[in-house]
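A.B. asks: Residue numbers (this note's numbering), protein chains in the order written: chain A, 1 to 776; chain B, 1 to 160.
I should point out that these hints are in silico values taken from the structure, not numbers from a laboratory. Check each hint, because a few of them may be wrong.
As the list claims (entries may be wrong) - Selected chain B positions facing chain A (in silico; Cβ < 8 Å):
{"hint": "1", "residue": "Glu44"}
{"hint": "2", "residue": "Ala50"}
{"hint": "3", "residue": "Val55"}
{"hint": "4", "residue": "Pro84"}
{"hint": "5", "residue": "Gln101"}
{"hint": "6", "residue": "Phe104"}
{"hint": "7", "residue": "Thr106"}
{"hint": "8", "residue": "Pro107"}
{"hint": "9", "residue": "Tyr142"}
Said to hold, decoys possible - Simulated crosslink set (SDA-like; lysine to any residue; CA at most 20 Å straight-line):
{"hint": "10", "chain 1": "B", "residue 1": "Lys2", "chain 2": "A", "residue 2": "Thr112"}
{"hint": "11", "chain 1": "A", "residue 1": "Lys744", "chain 2": "A", "residue 2": "Ser764"}
{"hint": "12", "chain 1": "B", "residue 1": "Lys2", "chain 2": "A", "residue 2": "Asp113"}
{"hint": "13", "chain 1": "A", "residue 1": "Lys2", "chain 2": "A", "residue 2": "Gly569"}
{"hint": "14", "chain 1": "A", "residue 1": "Lys2", "chain 2": "B", "residue 2": "Thr96"}
{"hint": "15", "chain 1": "A", "residue 1": "Lys744", "chain 2": "A", "residue 2": "Gln435"}
{"hint": "16", "chain 1": "B", "residue 1": "Lys2", "chain 2": "A", "residue 2": "Pro114"}
{"hint": "17", "chain 1": "A", "residue 1": "Lys83", "chain 2": "A", "residue 2": "Leu158"}
{"hint": "18", "chain 1": "B", "residue 1": "Lys2", "chain 2": "A", "residue 2": "Glu122"}
{"hint": "19", "chain 1": "A", "residue 1": "Lys602", "chain 2": "A", "residue 2": "Leu550"}
{"hint": "20", "chain 1": "B", "residue 1": "Lys2", "chain 2": "A", "residue 2": "Tyr115"}
{"hint": "21", "chain 1": "B", "residue 1": "Lys2", "chain 2": "A", "residue 2": "Gly569"}
{"hint": "22", "chain 1": "A", "residue 1": "Lys744", "chain 2": "A", "residue 2": "Arg757"}
{"hint": "23", "chain 1": "B", "residue 1": "Lys2", "chain 2": "A", "residue 2": "Glu57"}
{"hint": "24", "chain 1": "B", "residue 1": "Lys2", "chain 2": "A", "residue 2": "Arg123"}
{"hint": "25", "chain 1": "A", "residue 1": "Lys744", "chain 2": "A", "residue 2": "Leu158"}
{"hint": "26", "chain 1": "B", "residue 1": "Lys2", "chain 2": "A", "residue 2": "Glu54"}
Cβ coordinates follow ideal geometry from the N, Cα and C atoms, glycine included.
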Amino acid sequence: MKYVGSRVLRHEDPRLLTGRGFFVDDETRPGQLWMRVVRSTSAHALIRSIDLTEAQESDGVLAVICGRDVELPVIPVRVSPLKDEMAPYLQPVLATERVRYVGEPVAVIVATDPYLAEDAAERVIVEYDELPVLLDAEQSAASDVQMVPGHSNEVAVLRASFGDVDASFASAEHVVEIDVTIGRQTAVPIETRGLVAEWSPDDERLDIWGATKVPHYNRRVIAAAIGLTEYQVNIHRTDAGGGFGVRGELYPEDFLVPYLALRLGRPIKWVEDRAEHLVSTNHSRDQRHLISGAFDRSGHLLGLRDEVWHGNGGYVRTHGLTVPELTITMLPGPYRLPAYEGVCHIVLTNKTPCGTYRAPGRYEGTFARERLLDIAAVQLGIDPLEIRRVNLLSAEELPMDRGLIALGTSVVLDDADYQSLLEVALVEADYSSWQNEATQLRAQGQLVGTGMAVFLEKSGLGPYETAAVEIDREGGIQVSIGGTSLGQGIETIMAQIAADELTVNIASVDVVGGETASMDDGMGSWASRSTVVGGSAVLMAARATSDLALQVAATLLEVSPEELTLRDGRVEVNGSSERAMSLGDVAAVIGNPPAGVDLGCKVLGARRKFSVEHMTYPYGVHFAQVRVDGDTGAVSVLRYFVAYEVGRAMNPMTVEGQLIGGAIQGIGGALLEELVYGPDGQPLSATLIDYLLPTAGDAPTVGTLITESHPSSSNPLGAKGAGEGGLTACGATIASAVGNAIGKVEAPTRLPLSPMRVRAMVASAAASTDHVSSAE
Amino acid sequence: MKDIHDIEITINGERRAVTVESRRTLADVLRHDLGLTGTHLGCEHGVCGACTVLVDGLPARSCLMFGVQADGREVETVEGLGTPENLNTLQQAFMTEHGLQCGFCTPGFLMLLTALLRENPNPSDDEIRDVVASNICRCTGYAGILRAARLAADSDAIAT
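Kindly generate the complete structure, drawing on both the sequences and the hints.
C.D. replies: Written out as structure tokens, the structure is:
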């Protein structure tokens, strides 16, 4: 019985398939009230007045509150060394003097019913004095209009570099310079955000449902903000309808709901609607890259420069600096690079603030870098595969310290073989036949093309994760983890790891995450770290529990621990398997020890913390074949393939699910998804009719190759993380294929490749061909 | 001035009486008045399909229907399918084929495909894809959902 590495069906599924999942809006407390947020309708304005009178008189309303009525701190940055410098740019829970994006909370209603709360919200009258609207990062940086008076709109300029970049460009035989843009996008989990909070005055405790991702961090910050201790706040486990980076970070509502529950002494529920979600939950991407490469004539990369303009939105939120930092520190990817300089300008704009979205910084950086390589290959007359081959780091060059710092840890590329993964993937995908087919179809006048991209991911961010294992007298095993479920299958994966270590049937293992009462510390589920770091903590806790069982059983059976083996959940004396105790028996004896016997423990269980210094770096290759409709500009993805080195796949079924799901999400970002704003800063993509998500009609069949050739040495599982690589190279790969299809490799420079943009590219490619033929 | 109606809906075969305001959506009636929280709301404007239920046997967005419009009708929700201990063929197929991750959109897909397989027990892959394209899943990339529908169609004992 070996669960790790097998296609174990998921523990989560039976409840989710029968409507018995427990999502935040499924929690209803006795006497519960509903909160509704009144949001700014202006992108940039001074608040002249807020009139709450009519709303207060509205049916069912118990409280109407605006910024001047509350004393709550601004929302802190969670991850960055520049926390202090960001102080002027942090978001208040409710705007008081000025609003900086459409959707910013300015007041809240609490009513007996959500319909009545929404009615009342419409009766709040806010008068604005409009200010000039800044929508573009570079314009905003250059503007005289300061979004935060006395402070530059450019909140920070991050730099990452190594080697002598100027010299590499000076000595280069060929320099390629391109200007590419990744539009503003967001994750759109199908469940919107929500929160329920209840204050119990008798035991002075606040219960919260709906927090996820980083519950322990959020608990600390929320408790401090509303004047409670951390241990007075209990966060309860709920299912989460998708996370992808945006869910679970601290937003204004995460302070307002607990604050109001405490202040009003009644349970409060808030559930975001989709229109709110699209203007209030973190946006992401929104970068322009001015990237240039210095090459020798055979395509060797000598130096790389990238200047990035990151349109951050109206405030620096919990992750305002994370995406820019990851963009420039991960930009060199899996390539040999003597000199590099990345600069990222983080600039306030009058849009929804940004945060992380699956493959943050890598989706963008991979697009810019791989476009550069494609275009350099054309200019140098080299095959696009060949230019990657000559530049990919070889296995012998690894591990390698990049000389860069990301998320507080130095970037040390761990053991890998990028070159052989590319070769294996080419064969597995049969890419050359995709290319041949496309060539033939183009000869028949069809706009069919192929494209590819290589990428480097990162995962397993430390510094630590915690796990506890406890076995009851019936042999039931509870695994408590610091990570949380975001729908990724974490309960199953952690149960697999514990069940293997304890040699038990997986059905006897129950995994609890996101419940602060059963695990008081944890780093949470983000950055593809749950399996790598959290899984390792579970492994260590299970191993310690197994050791304890052997030790106790040795005392009881009067043998030494070395004479015992744990097999099928029973501690057996070697050579005489009838002398044995089940783990439940051991737990029972520990709970009720024989008189006079000191077993040295009170429960059969252990808690362990797994710490890790450096991240681990999975890597992969994507291939695509697309057809472009020259009349409409529509792009159909005919074939797609993802090859990904994950170190070790705990469950190949869920890894494949992550890769395919990621690929379709990434293809959405490449072709469909963009948060568009009007010139007045009004969001034009505030419904799912305007912000298009891929459906089954858009989704190609995605082939996958999961390799386990280079297990990570950073953790005992060997895992490298699998959550993001399905998506990382989609923008780059689709752009590459579209360029190939229309016969103009350099044309796709802006994501998403919407029909309007593609149609213009096709027209321009045709015009330049006509021009060439007429000149001839 | 509230406009209140007494209505009766047959839900998963059981007649339920409920008093609702005219503007209350069927989704809210199911979730908050009748406690059937398996039906989920993803967009409340009829695009994502997470709230799909069957009304008189046909898939409907319960966010786009008022409760009063369901008066006298038969509504089927995910709670009317199998139980965790006894999943029906389609639910089992979703589990086997990894047709769900976060599971939030899943009840909508289950109801959509329940209606398809009743109407057409032997759909082609294209027909399945057409129907699956009615709803949005953000986790799976649809591969597992399409395989699950195929598997359920190829198994003979689909729930009636």
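A.B. asks: Give a verdict on every hint.
C.D. replies: These are the hints, each one checked on the structure:
no., hint, in the structure
1, Glu44, "6 Å, holds"
2, Ala50, "6 Å, holds"
3, Val55, "17 Å, violated"
4, Pro84, "4 Å, holds"
5, Gln101, "5 Å, holds"
6, Phe104, "3 Å, holds"
7, Thr106, "6 Å, holds"
8, Pro107, "6 Å, holds"
9, Tyr142, "4 Å, holds"
10, B:Lys2 / A:Thr112, "14 Å, holds"
11, A:Lys744 / A:Ser764, "9 Å, holds"
12, B:Lys2 / A:Asp113, "13 Å, holds"
13, A:Lys2 / A:Gly569, "13 Å, holds"
14, A:Lys2 / B:Thr96, "19 Å, holds"
15, A:Lys744 / A:Gln435, "16 Å, holds"
16, B:Lys2 / A:Pro114, "14 Å, holds"
17, A:Lys83 / A:Leu158, "13 Å, holds"
18, B:Lys2 / A:Glu122, "17 Å, holds"
19, A:Lys602 / A:Leu550, "15 Å, holds"
20, B:Lys2 / A:Tyr115, "11 Å, holds"
21, B:Lys2 / A:Gly569, "62 Å, violated"
22, A:Lys744 / A:Arg757, "14 Å, holds"
23, B:Lys2 / A:Glu57, "16 Å, holds"
24, B:Lys2 / A:Arg123, "18 Å, holds"
25, A:Lys744 / A:Leu158, "33 Å, violated"
26, B:Lys2 / A:Glu54, "18 Å, holds"
Consistency with the previously given hints fails for numbers 3, 21, 25, ordered from lowest to highest.
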